[in-house]
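Asker: Each protein sequence line maps, in turn, to chains B and R. Sequential numbering of the first sequence, starting at 0, is according to numbering that gives the first Met the number 0. Sequential numbering of the second sequence, starting at 0, is according to numbering that gives the first Met the number 0.
Hints are computed from structural coordinates only; laboratory data are not their basis. All residues carry an ideal CB built from backbone N, CA and C; glycine is no exception. A portion of the hints provided could be inaccurate.
As the list claims (entries may be wrong) - Below, a list of computed lysine to any residue pairs in the SDA-like style, where the Cα atoms sit at most 25 Å apart:
#	chain 1	residue 1	chain 2	residue 2
1	B	Lys87	B	Ile62
2	R	Lys87	B	Gly36
3	B	Lys87	R	Gly65
Claimed, not checked - Derived coverage of chain B by chain R (criterion: at least 3 residues anywhere in the stretch with Cβ under 8 Å from a Cβ of chain R; other residues may be distant):
#	segment
4	22 to 33
5	36 to 47
To be verified - Over 12 Å on every C-beta distance to chain B, these chain R residues come out as not near it, computed from the model:
#	residue
6	Val4
7	Phe23
8	Asn28
9	Ala34
10	Met38
11	Arg51
12	Met53
13	Glu63
14	Arg70
15	Lys75
16	Phe81
17	Arg88
2 protein chains.
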Amino acid sequence: MGDEVIFVGKKPLMTYVLAVLTQFTSGRNEVLVKARGQMISKAVDIVQVAKRRMSPEISIPNIEIGTEELRGKENKTRNVSFISISLKR
Amino acid sequence: MGDEVIFVGKKPLMTYVLAVLTQFTSGRNEVLVKARGQMISKAVDIVQVAKRRMSPEISIPNIEIGTEELRGKENKTRNVSFISISLKR
């Protein structure tokens, strides 16, 4: 099975925490939590809460940050930072 | 020389970007950018902008996330996520 990607948006924090935990309890070994812009802080919170819930089973083997070009209105592009946090059981 | 730590707060983004670049141009080889809570997203933006400005000279050898206990009013503690991004020239 490949990585399950959980993309962080405007839903409540615990919605994403439960999504992460559900992936692990259903047998997956690796989950990716991704977020852009202002949601990056929330992604870190989600990972920390999930990690505490399943501690010490979950580790964070890799964290990546970067910039993505988003195409907005009138076809203008803008740069948005992203984070991608991998969680391993 | 040890790491220079730049702690991200409420100042404008470019203030921190310039602080990072100043450290590197003054001869330092490693700079740590740290942030807590909502400032985490901003820290990622700062690192990305600084990286673009000095690309390809700067790399990101390590990113750490975690939880800190802060003691607030009435001596209550609350958990806050943090990020620590190391930049290397």
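Asker: Does each hint fit the structure? Answer for all of them.
Answerer: Evaluated hints:
For the suggested pair Lys87 (chain B) and Ile62 (chain B), the alpha carbons sit about 12 Å apart, so the restraint of at most 25 Å is met. Straight-line distance between C-alpha atoms of Lys87 (chain R) and Gly36 (chain B) comes to about 23 Å, which keeps the hinted pair within the 25 Å bound. Using a Cα cut-off of 25 Å, the hinted pair Lys87 (chain B) and Gly65 (chain R) holds, with the two alpha carbons roughly 16 Å apart. For the segment 22 to 33 of chain B, the assignment as covered by chain R is violated, since 0 residues bring a beta-carbon within under 8 Å of that chain's beta-carbons and 3 are needed.
Interface restraint, the segment 36 to 47 of chain B with chain R: holds (9 residues with C-beta to C-beta distance below 8 Å; minimum three). The Cβ of Val4 (chain R) sits about 18 Å from the closest Cβ of chain B, beyond the 12 Å cut-off, so the non-interface label holds. Interface exclusion of Phe23 (chain R) from chain B stands, the closest Cβ pair being 18 Å apart, more than 12 Å. The claim that Asn28 (chain R) is not at the interface with chain B holds, since no C-beta of that chain comes within 12 Å of its own (minimum 20 Å).
With a closest Cβ-Cβ approach of about 8 Å to chain B, Ala34 (chain R) is found to fall inside the 12 Å limit, against its non-interface label. A Cβ of chain B approaches the Cβ of Met38 (chain R) within 12 Å, the least distance being about 7 Å, so the stated non-interface status is violated. Look at Arg51 (chain R): its CB is around 8 Å from the nearest CB on chain B, not clear of 12 Å, so calling it non-interface is violated. The claim that Met53 (chain R) lies off the interface holds: its Cβ sits roughly 14 Å from the closest Cβ of chain B, which is beyond the 12 Å cut-off.
The beta carbon of Glu63 (chain R) sits about 8 Å from the closest Cβ of chain B, which is not more than 12 Å, so the claim that it is off the interface is violated. At roughly 18 Å, the least C-beta separation between Arg70 (chain R) and chain B is larger than 12 Å, which holds for a residue marked as non-interface. No Cβ of chain B comes within 12 Å of the Cβ of Lys75 (chain R); the nearest lies about 18 Å off, and the non-interface call holds. Not every CB of chain B is more than 12 Å from the CB of Phe81 (chain R) (nearest about 8 Å), against its label as outside the interface.
With a minimum CB-CB distance of about 17 Å to chain B, Arg88 (chain R) clears the 12 Å threshold, and the non-interface call stands.
Going down the numbered hints, you'll see the structure goes against 4, 9, 10, 11, 13 and 16, while the others check out.
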